[in-house]
Amino acid sequence: MTAFFGQLVLRTDEARRAFETHPTVVDALARGLSVERYRSLLLELYHVVWHFNPVSAAAASRLDDGLRDVRYYLYGHMHEEQGHEQWVLDDLDAVGVPRAQALAHAPLPHTLALVGYNYWAAERRHPASVLGMLYVLEVIASVYGGAFASAVQESLLLDGQRGVSFLASHADLDMQHMATLREVLDGVGDEAAREAVVESARVNFHHFTALVGQL
Amino acid sequence: MTIAAGGLPQLLGRPYRYLRLEWTSELALLRVRQCVRPVPCFSLAGLAELQSVLDDLHANRGLVRHLVLSSDVDGVFNFGGDLALFVLLVRARDRDSLRLYGRRCIDLVWGMERAAAHDLHTVALVQGDTLGGGLETVLPFHHIIFERRAQGGFPEVLFNLFPGMGAWPFTIRRAGLAVASEMILSGRIYGAEELRQRGLVDTVADDGAGEAAVEQVVRSVEPRWRGTLAALRAQRDTVPVTRESLLAIVDLWADAALALGERDLRLMERLARAQARKVGGADEGAVEELKRIELASAWRGERAAERAPDALA
Numbered sequence: 045m046t047a048f049f050g051q052l053v054l055r056t057d058e059a060r061r062a063f064e065t066h067p068t069v070v071d072a073l074a075r076g077l078s079v080e081r082y083r084s085l086l087l088e089l090y091h092v093v094w095h096f097n098p099v100s101a102a103a104a105s106r107l108d109d110g111l112r113d114v115r116y117y118l119y120g121h122m123h124e125e126q127g128h129e130q131w132v133l134d135d136l137d138a139v140g141v142p143r144a145q146a147l148a149h150a151p152l153p154h155t156l157a158l159v160g161y162n163y164w165a166a167e168r169r170h171p172a173s174v175l176g177m178l179y180v181l182e183v184i185a186s187v188y189g190g191a192f193a194s195a196v197q198e199s200l201l202l203d204g205q206r207g208v209s210f211l212a213s214h215a216d217l218d219m220q221h222m223a224t225l226r227e228v229l230d231g232v233g234d235e236a237a238r239e240a241v242v243e244s245a246r247v248n249f250h251h252f253t254a255l256v257g258q259l
Numbered sequence: 066m067t068i069a070a071g072g073l074p075q076l077l078g079r080p081y082r083y084l085r086l087e088w089t090s091e092l093a094l095l096r097v098r099q100c101v102r103p104v105p106c107f108s109l110a111g112l113a114e115l116q117s118v119l120d121d122l123h124a125n126r127g128l129v130r131h132l133v134l135s136s137d138v139d140g141v142f143n144f145g146g147d148l149a150l151f152v153l154l155v156r157a158r159d160r161d162s163l164r165l166y167g168r169r170c171i172d173l174v175w176g177m178e179r180a181a182a183h184d185l186h187t188v189a190l191v192q193g194d195t196l197g198g199g200l201e202t203v204l205p206f207h208h209i210i211f212e213r214r215a216q217g218g219f220p221e222v223l224f225n226l227f228p229g230m231g232a233w234p235f236t237i238r239r240a241g242l243a244v245a246s247e248m249i250l251s252g253r254i255y256g257a258e259e260l261r262q263r264g265l266v267d268t269v270a271d272d273g274a275g276e277a278a279v280e281q282v283v284r285s286v287e288p289r290w291r292g293t294l295a296a297l298r299a300q301r302d303t304v305p306v307t308r309e310s311l312l313a314i315v316d317l318w319a320d321a322a323l324a325l326g327e328r329d330l331r332l333m334e335r336l337a338r339a340q341a342r343k344v345g346g347a348d349e350g351a352v353e354e355l356k357r358i359e360l361a362s363a364w365r366g367e368r369a370a371e372r373a374p375d376a377l378a
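Chains as they are written, first to last, in the numbering used here: chain A, 45 to 259; chain B, 66 to 378.
Treat the hints as calculated values from the structure; they're not laboratory data.
All of these numbers come straight from a predicted model, not from anything done at the bench.
Glycine is no exception: its CB is placed at the ideal position from the N, C-alpha and C atoms.
Among the clues, some could well be false.
[What the hints assert, rightly or not] Counterexamples of contact, computed for chain A against chain B with all Cβ distances above 12 Å:
1) E58
2) R60
3) T65
4) V69
5) R75
6) E80
7) H91
8) P98
9) M122
10) E125
11) H128
12) A138
13) Y163
14) A191
15) G233
16) E243
[Stated by the list, open to error] Looking from chain B toward chain A, a few residues come up when the C-beta cut is under 10 Å (computed):
17) R96
18) R98
19) V104
20) S108
21) G127
22) R130
23) V152
24) A157
25) D159
26) D329
27) R331
28) E334
29) A339
30) Q340
Given the sequences, and given the hints that come with them, work out the whole structure.
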């Protein structure tokens, strides 16, 4: 019997491939992004990152002692992620979007759907759903983040990590994150919790792909 | 006469997403064209579909006499493993899933290796780049045709890995230990003619003439199909490759994958970006990127050799 992390990878692989093979993603990896498109991406990412910890907190508040290890993991993870939305704002500033303009940006419906789903899933579906969100964001950061950062750096001729600090640093940070997340997921034995994680990962990939497709 | 695959019994009329099937009743010939897009590689779903075709063929012995595998993607036969999935599993330190992926690949090459035992004559038509697992997959085929522009090789060593899905035993059987060592340990990419000279490819056809070469091979085998298959079964018994040895190599491969460092994973990302450029219509793609990596690697080696005497002094 494959451990749960392996099952999650298998069962959500088509959703991951749908993200990876979306024409916008393929084009961005191959040729980078125009500055307008990159700004749009960061403006949407700001909202995703901003809500990451509140969604995690909502889920943690509803996880009972049967999933105590997940709850403790979320505490630590929230601490690590604290303030990362500020990195996105710094990158936006570096590519010509002042903080006030970034904060006034109205997110796309796909971004609202992504964030809204994650709150709803944590509170009404199953609190373990949050692990599906975490899995998708870790995959995007650690598998694609580095390549995205390089492509953006090259296409916009950015100096070092200036303007790509969020993408580049998450690609590095999330190396260990993914291994830790696997251990947490493998420890989830409850069938309903597992199904909620799989469903959430599929939904998060779906919305994230749609979001990127709208840039 | 060529008719749609729906003309075959239900078991071959499955709704495939990553394969296109064509049936030629006159020759009992099944054409399987891979169409994993935009980057042709062995995704989990693509592997599952190919395995499903093989399972159907093995379970319905005699239904198909000739199986031909090719690609529907211009300029690329197969880039091999799904690099993103691979990076994901390495970063997650998930040895079990790496082994599982490797074993699924072995199931596929093993199915090809056992084709003659299931009364199936196999031909691979390679019309574009084929790397790593893409090349490993064609090696068990009875007849391998490359169009002249096609290139192939095992680049894994360039990012500190080795091809673990049959490259060693199948290359040794076709071309000998020296050629296998040269190819696998150098990571070099070879042109079609170079591969033919080394014994890995049976026929090199001019660009655009691959389809005619396939027909010629199939029509030449068809009148002596039974004898050919008996001979091929004996050939495989004479120089056997065992499933157990293939699976043991996958375990070594999974261990090697887990030892990959950040530099190696970054090289894989460069390769993935180059693959995306190629399928996006750029002239240069993964093969050119690999040649750059190979050159840089050789340069570093020379510089290290130059520095060594100084270090000793």
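How the hints compare with the structure:
Here A/E58 does not stay apart from chain B, with its beta-carbon only about 6 Å from theirs, under the 12 Å limit. Distance to chain B contradicts A/R60 as a non-interface residue, since its nearest Cβ pair spans about 7 Å, not more than 12 Å. The non-interface label for A/T65 is inconsistent with chain B: the shortest C-beta to C-beta separation is roughly 6 Å, within 12 Å. With a minimum CB-CB distance of about 9 Å to chain B, A/V69 fails to clear the 12 Å threshold, and the non-interface call is violated.
At roughly 7 Å from the closest C-beta of chain B, the C-beta of A/R75 falls inside 12 Å, breaking its exclusion from the interface. For A/E80, the shortest C-beta to C-beta distance to chain B comes to about 20 Å, beyond the 12 Å cut-off, and the non-interface label holds. At the 12 Å boundary, the C-beta of A/H91 stays outside the reach of chain B, the nearest C-beta of that chain being 25 Å off. Once the 12 Å rule is applied to beta carbons, A/P98 is consistent with being away from chain B; the minimum gap is 26 Å.
The non-interface label for A/M122 is consistent with chain B: the shortest C-beta to C-beta separation is roughly 21 Å, beyond 12 Å. Listed as outside the interface, A/E125 is consistent with that label: its C-beta sits roughly 18 Å from the nearest C-beta of chain B, beyond the 12 Å cut-off. The Cβ of A/H128 lies farther than 12 Å from every Cβ of chain B, with a closest approach of about 19 Å, so its non-interface assignment holds. Every CB of chain B lies more than 12 Å from the CB of A/A138, the least distance being 23 Å, so the non-interface label holds.
A/Y163, annotated as away from the interface, keeps every beta carbon of chain B farther than 12 Å; the closest lies near 26 Å. With a least beta-carbon separation of about 4 Å from chain B, A/A191 fails to lie farther than 12 Å from that chain, contradicting its non-interface assignment. With a least CB separation of 17 Å from chain B, A/G233 remains clear of the 12 Å interface cut-off, as annotated. For A/E243, the condition that its CB be more than 12 Å from all CB atoms of chain B holds, with the nearest at approximately 19 Å.
At a threshold of 10 Å, the smallest CB-CB gap from B/R96 to chain A is about 24 Å, leaving the interface hint violated. With a least beta-carbon distance of about 18 Å to chain A, the hint placing B/R98 at the interface is violated under the 10 Å criterion. Residue-level restraint check for B/V104 holds (minimum Cβ-Cβ distance to chain A is 7 Å; threshold 10 Å). The closest approach between the C-beta of B/S108 and any C-beta of chain A is roughly 6 Å, which is under the 10 Å cut-off, so the hint is satisfied.
At a threshold of 10 Å, the smallest CB-CB gap from B/G127 to chain A is about 34 Å, leaving the interface hint violated. Proximity of B/R130 to chain A is violated relative to the hint, the smallest CB-CB distance being about 34 Å (cut-off 10 Å). Annotation: B/V152 was flagged as interfacial toward chain A, and the flag holds, the nearest CB pair being 5 Å apart, inside 10 Å. A least Cβ separation of about 4 Å between B/A157 and chain A falls short of the 10 Å threshold, and the interface hint therefore holds.
At its closest, the beta carbon of B/D159 sits 6 Å from a beta carbon of chain A; the interface hint therefore holds under the 10 Å criterion. Interface restraint check: B/D329 against chain A, minimum CB-CB distance 12 Å, threshold 10 Å, status violated. For B/R331, the suggested interface contact is upheld, since its CB lies about 7 Å from the closest CB of chain A, less than 10 Å. Of the supplied interface hints, the one on B/E334 holds, with its beta-carbon coming within about 4 Å of a beta-carbon of chain A, less than 10 Å.
The closest approach between the C-beta of B/A339 and any C-beta of chain A is roughly 8 Å, which is under the 10 Å cut-off, so the hint is satisfied. Checking B/Q340 against chain A: minimum C-beta separation of about 9 Å stays under 10 Å; hint holds.
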